[in-house]
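S.K.: Given the structure of chain Y, go ahead and fit chain L with the ligands onto it with the hints provided.
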Amino acid sequence: MKINNIGYLLKEGVRGIFLHGFMSFAAVVVTVACLLIVGSFSILVYNVNILVDRLDKTNEVMAYIDEGLSVAEAKQVQTRINLLDNVYKAEFKTREQALEEFVADHEGDSAFSGVQAEDLRHRVVVTLEDNALMEQTVKELYEIEGVVNITASYALAEGFSTLQNVLQIASMVIIAVLLLVSLLIISNTVKMAMYDRKDEIAIMKMVGATNGFIRLPFVVQGFLLGMLGAGLAFGLEWLLYDFLVARIAELDTLRMFQFVPFQQLLVPMVCTFGAAGLFVGVVGSWTSIRKFMNASAK
Amino acid sequence: MIEFKKVKKSYIEGNKALRGISMQIEDGEFCFLVGPSGSGKSTIIKLITGELKPTSGSVHVNGYSLERIRKREIPYLRRTVGVVFQDFRLIDNMTVYENVAFAMRVVGARTQEIRDRVPYVLDLVGLETKSRRHPGELSGGEQQRLAIARALVNNPSTIIADEPTGNLDPARSMEIMTLLQEINNLGTTMLVVTHEQNLVEHFSNRVITIEDGLITSDRMDGHYVYEDQ
Ligand SMILES: Nc1ncnc2c1ncn2[C@@H]1O[C@H](COP(=O)(O)OP(=O)(O)OP(=O)(O)O)[C@@H](O)[C@H]1O
Ligand SMILES: [Mg+2]
Numbered sequence: 001m002k003i004n005n006i007g008y009l010l011k012e013g014v015r016g017i018f019l020h021g022f023m024s025f026a027a028v029v030v031t032v033a034c035l036l037i038v039g040s041f042s043i044l045v046y047n048v049n050i051l052v053d054r055l056d057k058t059n060e061v062m063a064y065i066d067e068g069l070s071v072a073e074a075k076q077v078q079t080r081i082n083l084l085d086n087v088y089k090a091e092f093k094t095r096e097q098a099l100e101e102f103v104a105d106h107e108g109d110s111a112f113s114g115v116q117a118e119d120l121r122h123r124v125v126v127t128l129e130d131n132a133l134m135e136q137t138v139k140e141l142y143e144i145e146g147v148v149n150i151t152a153s154y155a156l157a158e159g160f161s162t163l164q165n166v167l168q169i170a171s172m173v174i175i176a177v178l179l180l181v182s183l184l185i186i187s188n189t190v191k192m193a194m195y196d197r198k199d200e201i202a203i204m205k206m207v208g209a210t211n212g213f214i215r216l217p218f219v220v221q222g223f224l225l226g227m228l229g230a231g232l233a234f235g236l237e238w239l240l241y242d243f244l245v246a247r248i249a250e251l252d253t254l255r256m257f258q259f260v261p262f263q264q265l266l267v268p269m270v271c272t273f274g275a276a277g278l279f280v281g282v283v284g285s286w287t288s289i290r291k292f293m294n295a296s297a298k
Numbered sequence: 001m002i003e004f005k006k007v008k009k010s011y012i013e014g015n016k017a018l019r020g021i022s023m024q025i026e027d028g029e030f031c032f033l034v035g036p037s038g039s040g041k042s043t044i045i046k047l048i049t050g051e052l053k054p055t056s057g058s059v060h061v062n063g064y065s066l067e068r069i070r071k072r073e074i075p076y077l078r079r080t081v082g083v084v085f086q087d088f089r090l091i092d093n094m095t096v097y098e099n100v101a102f103a104m105r106v107v108g109a110r111t112q113e114i115r116d117r118v119p120y121v122l123d124l125v126g127l128e129t130k131s132r133r134h135p136g137e138l139s140g141g142e143q144q145r146l147a148i149a150r151a152l153v154n155n156p157s158t159i160i161a162d163e164p165t166g167n168l169d170p171a172r173s174m175e176i177m178t179l180l181q182e183i184n185n186l187g188t189t190m191l192v193v194t195h196e197q198n199l200v201e202h203f204s205n206r207v208i209t210i211e212d213g214l215i216t217s218d219r220m221d222g223h224y225v226y227e228d229q
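Line by line, the protein sequences give chains Y and L. Yeah, the first sequence ends on 298 if you go by this note's numbering, and it's all consecutive. Yeah, the second sequence ends on 229 if you go by this note's numbering, and it's all consecutive.
Since the hints were made in silico from the structure, they are not lab data. Just so you know, not all the hints are guaranteed correct.
[Unchecked claim] In the PhoX-like style, the derived pairs of lysine-lysine whose C-alpha atoms are separated by at most 25 Å in a straight line are:
#, chain 1, residue 1, chain 2, residue 2
1, L, Lys46, L, Lys8
2, L, Lys6, L, Lys71
3, L, Lys71, Y, Lys191
4, L, Lys16, L, Lys5
5, L, Lys71, Y, Lys291
6, Y, Lys291, Y, Lys191
7, Y, Lys75, Y, Lys139
8, L, Lys41, L, Lys16
9, Y, Lys198, L, Lys46
10, Y, Lys198, L, Lys71
11, Y, Lys291, Y, Lys11
12, Y, Lys89, Y, Lys75
13, L, Lys46, L, Lys71
14, L, Lys46, Y, Lys291
15, Y, Lys198, L, Lys16
16, Y, Lys291, L, Lys53
With the rest of the complex left out, here is chain Y:
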């Protein structure tokens, strides 16, 4: 394509948009709405992943050590635990430290006042890399000599991964459906522009314009619509996100939920919206153009 045609293409693309002003407006609005929801779900999944990751790190596995071992021997067990693949962190606690924590937790509770350090075991507090693999890792822990008992909460670990999986699948379905919706409306807008100009297209064919040349302005039109929708959706998403994060922070005084600032999501979000806009715009126009050109192909 020669340089002097780029101006022509842009002009024709824009003309196509204004020729059906209302339809283009509707297409952009629907695209914005769809992409906004698509973006929101991506951000939600992203934040939940981070949250789950963080909660995972508080979900600890406790490995109790044979009381017959000395502190030095028990620390060797800790070293071996640290060498396991899925272990993120392994922290050694003597029975005295455990007692202190125990007492602190049950302060003023007379039932436990008689508990002595000797009643407790040395232990290693293990944080896992991936809690989904907890069962496997616990098996490996049992195989280490000196580990006599383990407590771990599978239910919690599984709960997190289930939540994550459900959310991921749900968002993928929603994203796919909404992308399809905006694709269809852009496709329809471009189709209307083409039917409007079928006489012009017939003349172009008659004088020997290539199919590629005839199609391109409509692809440009779809591209512009998609990009306009993506740009607006991106801006709105940013505002909406900042607003919601501020509101949640106000309500959530315990800081249970922490959200990544939007600025940190800038690059992935620009890519997501850009790709989505490109996809619905170009693929949307291309499908209707193919149909049209084949229908009137001679």
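M.R.: For chain L with the ligands alone, coordinates are given in the frame of chain Y:
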């Protein structure tokens, strides 16, 4: 050059629009194609422009073999063949100038070429003073001149006209036919479908007569053979 060899064409099974056409039109020739309604004249034109494929036989146009042309070659064939129709087929919301420039732009001509060439062809067809008007503001004869300018602008070696005077009064028809004759004198091959006996006889060019899908006469003396009723 246009060459048909034993060309048959059926639109639907069994019903033959062309039943074996063989003819050759040399570069620079002016040829009328006459015959009764439904005899197959427009079908011949659609075969030449690649809009239809022959059912059997071969069609050669300006170096392209139409019976086996690839889809993406068709635009390049069409750049060698300018087409003019009875109903003009102009773009109403473009000016006279733009209608002609459009045909150049869509085949990738440069802006400077367009600026040089469009006034030249508008001058050739006598529309140089009306370049800013819209087709709706032109008479029928002027609209057909504009269509001819557009067909000419990409400098095709051949021009094909399907009843170019069908919508015009006798005086306008004579003007248009004279214009086509002048263009032919500049070297462009001309194939003109017409029903107008007096024009055919006036210009005394080659006349191919086609009846019921067959050539029944091919004469060089401008003789109009059959009687139109
Ligand atoms: N698209 C089509 N489908 C089926 N039959 C067709 C089609 N186009 C033309 N025909 C038939 O083919 C035959 C030749 O038609 P054609 O249009 O070539 O005639 P013509 O000589 O141009 O007539 P006219 O002088 O009326 O324009 C006619 O019998 C016509 O009915
Ligand atoms: Mg006809």
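S.K.: Could you run down the list of hints and mark each one as holding or not?
M.R.: Hints and how they fare:
1. Among the hinted pairs, Lys46/L with Lys8/L is consistent with the structure: their alpha-carbon atoms are about 13 Å apart, no more than 25 Å.
2. A C-alpha spacing of about 23 Å is found between Lys6/L and Lys71/L, which places the hinted pair at or below 25 Å, so the restraint holds.
3. Our distance criterion of 25 Å between C-alpha atoms is met by Lys71/L and Lys191/Y, whose separation comes to about 23 Å.
4. This hinted pair checks out: Lys16/L and Lys5/L have alpha carbons roughly 16 Å apart, not beyond 25 Å.
5. Among the hinted pairs, Lys71/L with Lys291/Y is consistent with the structure: their alpha-carbon atoms are about 16 Å apart, no more than 25 Å.
6. The straight-line distance between the Cα atoms of Lys291/Y and Lys191/Y is roughly 9 Å, inside the 25 Å bound, and the hint therefore holds.
7. With a C-alpha separation of about 20 Å, the suggested pair Lys75/Y and Lys139/Y falls inside the 25 Å cut-off, and the hint holds.
8. The straight-line distance between the Cα atoms of Lys41/L and Lys16/L is roughly 13 Å, inside the 25 Å bound, and the hint therefore holds.
9. For a cut-off of 25 Å, the pair hint linking Lys198/Y to Lys46/L stands: about 19 Å separates their Cα positions.
10. Proposed proximity of Lys198/Y and Lys71/L is supported: the alpha carbons are some 20 Å apart, at most 25 Å.
11. Of the pairs offered as hints, the one joining Lys291/Y and Lys11/Y holds, with about 24 Å between alpha carbons and a cut-off of 25 Å not exceeded.
12. Simply put, Lys89/Y and Lys75/Y have alpha-carbon atoms about 14 Å apart, close enough for the 25 Å limit, and the pair holds.
13. Note on Lys46/L and Lys71/L: the hinted pairing holds, with a Cα-Cα distance of about 15 Å set against a maximum of 25 Å.
14. Simply put, Lys46/L and Lys291/Y have alpha-carbon atoms about 23 Å apart, close enough for the 25 Å limit, and the pair holds.
15. Taking the CA atoms of Lys198/Y and Lys16/L, the gap is about 30 Å. The hint is violated against a cut of 25 Å.
16. For the suggested pair Lys291/Y and Lys53/L, the alpha carbons sit about 21 Å apart, so the restraint of at most 25 Å is met.
In summary, the structure is inconsistent with hint 15 from the numbered list given earlier, while agreeing with all the others.
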